[in-house]
Each structure stands twice: as C-alpha cells, then as structure tokens.
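Q: If you want the building blocks of each chain, they are given just below.
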Amino acid sequence: MHDPRTSPAFLRGMTQSRSVNRRDVFRLAGLSAAGLALSACGVQGQQKAAPKPSEVADFWAGKQKNGKVVFANWPEYMPEGREPLKKFQQETGIAFEYLEVIDENASFFGKSEPQLRAGQPLGYDIIVMTNGTQFAKMQALGYLVGLDHKQLPNFAANAAPKYKSPAYDPNNTYSIPYTSGMTGIAYNTKYVKDPIKSIQALFDPKYKGKVGMMADSQEIANFGLLALGVAPEQATKADWQKAADLLNKQREDGIVRKYYDQDYIDAVSKGDVWLTMGWSGDVFQRQLAGEPVAFVVPEEGGTIWTDNMMIPKGAANPVDALMLMDYLYKPEIAAELTEYIQFVTPVPAVKELLSTKAAGLSGEDKEALEAMIESPLIFPSEADYAKLHGYISPVQAADQQAFESLFQAVTQG
Amino acid sequence: MRRVRTAAAPYLLALPAWIWFGVFFVVPIAAMASVSLTTGNLLEGFQQTFSFSNYADAIGQYHTQMIRSLVYGGVATVIMLLLAYPMAYWIAFKGGRRKSMYLFLLLLPFFVSFVLRTISWGFLLADDGILFGPLKSAGLLPADFHVLATEFAVIGGLVYNFLPFMVLPIYVALERVDPRVIEAAYDLYASRWAAFRRVVLPLSLPGVFAGVLMTFVPATADPVNARVLGGTGNTMIGNIIQTEYLTNNDYPTASALSFTLMAVLLVGIFVYARSLGTENVLEAAAR
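Protein sequence lines, in the order shown, are assigned to chains A and B. FYI, our numbering numbers position 177 of the first sequence as 279, with every residue one higher than the one before it. FYI, our numbering numbers position 96 of the second sequence as 621, with every residue one higher than the one before it.
FYI, nobody ran anything at the bench for these hints, they're computed from the structure. Nothing here was measured: the structure is a model prediction, and the numbers come from that model. Check before you lean on any hint, since a few could be wrong.
[What the hints assert, rightly or not] Among the chain B residues that face chain A by a calculated CB cut under 10 angstroms, a handful are: (1) Ala539; (2) His588; (3) Gly654; (4) Ser662; (5) Asp669; (6) Ser716; (7) Ala720; (8) Phe721; (9) Val753; (10) Leu771.
[What the hints assert, rightly or not] With the C-beta cut set under 7 angstroms, the calculated list includes, among others, these residues of chain A facing chain B: (11) Ala208; (12) Lys295; (13) Val358; (14) Arg359.
We put the CB at the ideal spot given by N, CA and C, even for glycine.
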C-alpha cells in the first residue's frame with residue numbers, strides 16, 4: 103500500500119486478460135472423457151431455438167432456494183478473501199463454493215460439451231464465458247438455462263444500458279455481464295518512439311519481424327477487418343475473405359513474428375516484439391510493474407469483449423445462482439469487485455462510489471485509486487466506447503467452419 | 526482344483542492390466558476410429574457415414590504440418606542421440622561412485638513443469654535477453670538476429686525436453702555390459718575403437734532403440750514447443766489436432782489426423798526396427 107506499483111489492490115486484478123487466456127496445456131482427462139462420450143454411431147445434433155418466455159417461466163416455476171451455490175470463474179476474478187461472496191452468504195444464508203476452473207473459452211467449452219450433450223450436470227451453477235464463438239455455441243445447442251429476470255432486480259436497476267440486451271444475447275435471455283475488457287495495440291516504448299495511433303502500424307514494413315498478432319481466429323479477424331475499415335459485427339463473408347488476404351500478406355511479407363496467445367505480453371515487454379495486439383488489463387499491470395509498455399485503442403477502433411455469467415443446463419441450484427448473479431449488481435459489491443479485478447464494470451454507479459472512497463483516503467492509496475478512476479481502460483468514456491466494436495459471432499455451423507478455416511490458415515500455416 | 530487355480534493365476538494377476546488397457550486404450554481408440562469416419566458439425570450432430578474422405582481431406586489440408594513435424598521430430602531425435610550416447614557412456618563407464626548423482630542431475634529439470642521449462646527457454650533466448658543482449662551490444666551479432674520464433678528454437682526445445690528419455694535407456698543398456706566382455710575383447714587384441722564398435726555398441730543397441738522410440742514419438746506429436754518457441758511457419762501437427770478438437774470442435778478431422786499420425790509413426794518405427802536388424806520390436810524394447 104505504499105508505492106502504487108506494488109499496491110496489491112492495483113496489481114492483483116490486472117494479471118490476466120479474460121478474453122482468451124490460453125495455456126498450452128493438454129487436458130488429457132477431458133479429451134479422453136470427450137472421446138468416450140462421443141462413442142460409436144455418430145453424435146446427435148442438439149440445435150435448439152431460444153426458449154419462449156412461457157418455457158422460461160415453466161422452468162422457474164416451483165424452483166426453490168437450496169442454500170448452496172457453485173460458482174465457476176476465471177482466475178484473479180474475485181478478491182483472495184472472497185469478501186463479496188462472504189457478504190452474500192451472511193445476507194442470504196447461501197453457502198458458496200468458488201472455483202477458478204475456466205482459463206480459456208475454447209478448452210472450457212471443449213471439455214464441457216460432451217458432458218452437457220450427454221445431459222450430465224457440470225457441477226457448476228454459474229459459469230463465466232466471453233461473448234465469442236463458444237458462448238454462441240452454448241446458446242445454439244441449448245446448453246444454457248433461460249434467466250428469470252423477475253429475480254434480477256439489481257441488474258435491472260444498476261446495469262448500464264449498453265450492457266443490457268447485447269447483440270450476442272438479446273434481452274439477456276441467457277446471461278448477464280460479469281466484466282468487460284478491450285483488445286487494442288500494446289507496444290514497447292523503448293523501441294517504438296512515435297506513439298502508435300493507427301492499426302496500420304501492425305502492417306507497417308518498418309516493423310518487419312517485430313509485430314505480434316493473436317492466434318485466436320476471432321481476435322485476428324477483428325483486426326484484419328478494422329484495418330480494412332469494416333466494422334467486425336457488420337462484416338460480410340466477402341469482407342472476411344479480404345481480411346484474411348490482408349493478414350496472409352502481412353504474414354508472407356515477414357511482418358509478423360509470431361501468432362501469440364497470452365504469452366504476447368512477455369514478448370512485448372521483453373522487446374521480442376515491439377508492438378502487438380494486446381488486452382487492456384495485462385498492459386496496465388506491466389505498466390505498474392515499471393515495464394516500458396503502453397496500450398492504445400487504435401483510431402480505427404478496437405474490440406470490447408464481455409465476460410458473462412450464465413447458468414448451465416443441469417445446474418443443481420439455479421435459484422441460488424440467480425440470487426448471487428443479482429447480488430453482484432449491488433453497486434457497493436460491484437465497486438469492491440472492480441477495485442480488485444480492474445477491468446470495465448457494467449455498473450456505472452461504481453465510479454462515484456470509488457471516487458467517494460478515494461476522497462476519504464490519503465497518500466499513495468488515494469493516488470492509486472484516483473489513477474484507476476481516471477483510466478479509460480477501466481472507465482471508458484463515451485468517446486472510447488464509440489471506437490470499440492463487438493465480436494463477430496458466426497453462429498451458423500457452416501459459417502463457423504468457413505470462418506475458422508479462413509483465419510486458422512493464417513495463424514497455423 | 527488346485528491345479529486349475531494355478532493355471533488361471535497369471536491371467537487373474539494380469540486382469541487389472543487388461544482392464545486398464547481395455548478401458549483406457551481399446552475403448553477410446555475404437556471410439557476415435559468411429560468418430561474419424563463421421564460427417565457433420567457440432568450444431569447439427571455427427572453421423573456415422575464411414576466417410577474415408579475425412580482422411581484424404583485432413584491429409585490434403587495439413588500434410589505440410591505433418592511432414593514438418595516428422596522432420597522436426599527426426600532431426601531432434603538424431604541430435605538427442607548424438608548428445609545422449611556420450612553422456613550415457615560417460616556416466617555408465619566413468620561415473621564411478623557418483624553415477625546416481627549424475628542421473629539425478631539429469632532428471633533434476635523434470636521437477637519443473639514441462640510447459641514452464643519451455644517458457645524458460647523463451648526467457649533465455651529473448652532477442653535482447655541475457656544471452657543475446659550483451660552479444661548484440663558488443664556487435665558480435667546483428668541487431669535483428671533472433672533464435673526464438675524459428676525452427677531452431679523449436680527443435681532445440683524438443684531436444685532439451687526429451688533428452689533424458691534418450692539418455693536413460695542407453696545408460697541402462699551400457700550399464701549392463703559386462704566389463705569382462707570388454708576385457709576379453711582387449712585380450713583378443715581389439716583396439717579401443719574395435720572393442721567399442723564390435724562389442725559395446727551392439728550390446729547397447731536395444732537401449733538406443735528404446736531411446737529413439739521414447740523420444741521420436743512424443744517429439745513428433747508435441748504441441749508445446751512449437752506453440753511456445755516457434756514462429757509463424759513452425760506449426761506442428763500436435764497444434765493442429767489441438768485446435769481442431771478444442772477450438773473448431775471438428776472431432777472427425779481431429780480423430781482422422783490422430784490416426785494418420787499414429788499410422789505414420791508406427792510404420793516409421795517398424796522400418797527403423799528392420800534397419801537396425803531387430804526382428805521383433807517388442808523384444809528389443811523389452812530387453
């Protein structure tokens with residue numbers, strides 16, 4: 103609590119990006135279980151339409167609070183002491199089990215899918231997934247429980263309008279946001295002297311061999327499209343092809359050094375790459391650790407992603423899950439969470455609560471908190487939001503395959 | 526009665542192993558074979574269509590990465606053999622009382638996780654890191670020199686990560702060589718080289734065979750080194766299978782690729798076994 107750079111409140115929350123925190127870990131147990139579940143004789147398709155309101159009402163009718171809830175989340179997404187959950191337990195009498203078991207959307211989905219398909223419960227009442235391809239698949243396959251918004255009064259009262267009824271989940275049928283973050287350009291200020299402004303810097307031959315791009319198809323496609331001046335969420339298939347061509351050229355010209363996962367942040371802070379696609383929170387943390395990295399949302403735009411809370415099919419304690427999800431939308435609880443995780447909160451009232459708190463502090467604690475309140479990476483202004491685009495979510499299976507094969511050909515050649 | 530029990534005993538004792546083998550090998554392999562012949566997608570389901578074209582499609586699409594993996598695995602194995610044989614020889618014949626300490630030192634890095642060890646190489650070999658940074662500022666290397674994100678880094682990582690699996694079997698084979706056999710060779714006027722070539726080397730070949738088997742197969746299929754140390758053109762087949770399975774949920778292609786890789790490796794091993802003059806692969810490996 104002295105030097106803001108070592109202030110735990112500042113440091114802890116920013117260690118990981120939530121978007122696609124890949125680890126190169128083969129989850130053999132999950133894979134072999136999946137292999138068994140697939141078994142012989144093909145696999146049934148499970149595609150389902152969104153539930154009608156009456157079906158949602160039927161599901162919730164007669165459901166009771168069980169006094170227990172299991173929350174599966176990403177690492178570093180809840181204070182170490184779990185204070186918000188403890189308060190929830192005190193106020194509601196619901197015991198919680200908090201598990202940090204999700205560190206990548208694709209592998210989490212890959213592991214869970216066979217279980218959900220077989221109708222087995224995952225053992226979690228709340229899961230958190232980013233608004234990307236896997237979330238779209240969860241919806242399309244009917245693996246999520248429709249939410250009863252009558253039981254989510256705090257969400258209705260306190261969530262910012264732009265976090266309600268997002269394009270990836272109209273009417274918040276299945277999910278409410280947990281937190282958001284941004285994809286932009288991270289660069290090493292030791293090597294890159296002119297401040298980066300445009301996304302074209304990633305395609306500039308001046309930085310040949312010193313540019314990092316992300317391995318994730320969706321991330322790289324977004325940036326290819328933005329470089330073409332196309333909004334990702336409005337892109338047509340012809341645009342995908344143009345973006346892939348542009349990215350292939352960037353690769354063939356030797357501009358890209360490597361397609362990174364989470365390891366991009368080490369590469370850019372060491373100077374292996376000078377500039378790279380990056381996630382806001384990671385860069386903020388490195389700055390606080392004194393490393394020469396900067397983050398910018400390019401003028402052509404960046405992307406904003408949202409990690410969402412949802413209830414998987416077969417959850418044992420859906421009512422308790424709904425109560426906890428709603429509880430996290432109380433402004434004072436949301437403020438506590440934001441102060442720790444330091445990504446973008448969906449609850450606007452948090453800013454004022456934290457300002458009030460900062461006014462009551464002094465010295466470096468105060469400075470740290472004020473820096474956080476001022477940061478556009480944590481509280482983006484309307485102008486910042488205007489530059490941020492949503493993700494592409496090709497839900498149709500055929501589109502999905504075409505999309506992946508276009509962009510994986512770029513990153514996996 | 527008693528005789529019956531005695532006759533059945535070995536089978537009963539082997540039963541747990543057979544169940545293990547059945548549940549964790551035969552069933553998954555059969556399931557994978559079945560899945561590799563389906564068509565469809567995750568949303569609409571996969572139907573068993575006995576579509577052998579899955580194999581042709583998968584190989585057509587990913588043969589570059591498949592061949593690249595075999596080359597990387599092969600080169601890494603040869604380098605490992607060249608490094609490991611002298612090491613094993615030295616430990617077995619010159620190690621003296623400290624043999625077990627040397628073996629322990631060899632295995633020491635294994636107390637650190639595989640992924641972490643690979644990532645440490647990224648740290649050591651960073652473009653301006655502790656190794657290349659000083660060399661570059663001294664003008665001994667051009668400023669844009671780099672090892673990371675090249676095939677040298679990937680193969681180097683494979684060699685580093687799998688080397689002990691080559692050393693240990695060779696060491697065991699050499700350790701078992703009876704010193705009196707070597708003395709006999711000298712008594713029969715063999716030179717040191719001749720004694721090595723005609724006595725020690727042939728006796729150690731089963732160890733070499735086992736070592737190659739234990740390194741070539743995992744090195745070829747490894748996804749971690751390419752992911753962590755490689756660049757834009759170093760993707761290996763292990764990475765492709767991982768992506769097909771977890772990201773694309775294209776189970777048929779992932780299964781077809783796994784089977785193809787398995788088949789290619791098996792064929793390679795049998796050819797290698799033949800060329801080494803070993804009639805029976807299992808016999809050599811078990812020795």
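Q: Among the hints numbered above, which are violated by the structure, and what are their numbers in rising order?
A: 1, 2, 4, 6, 7, 8, 12
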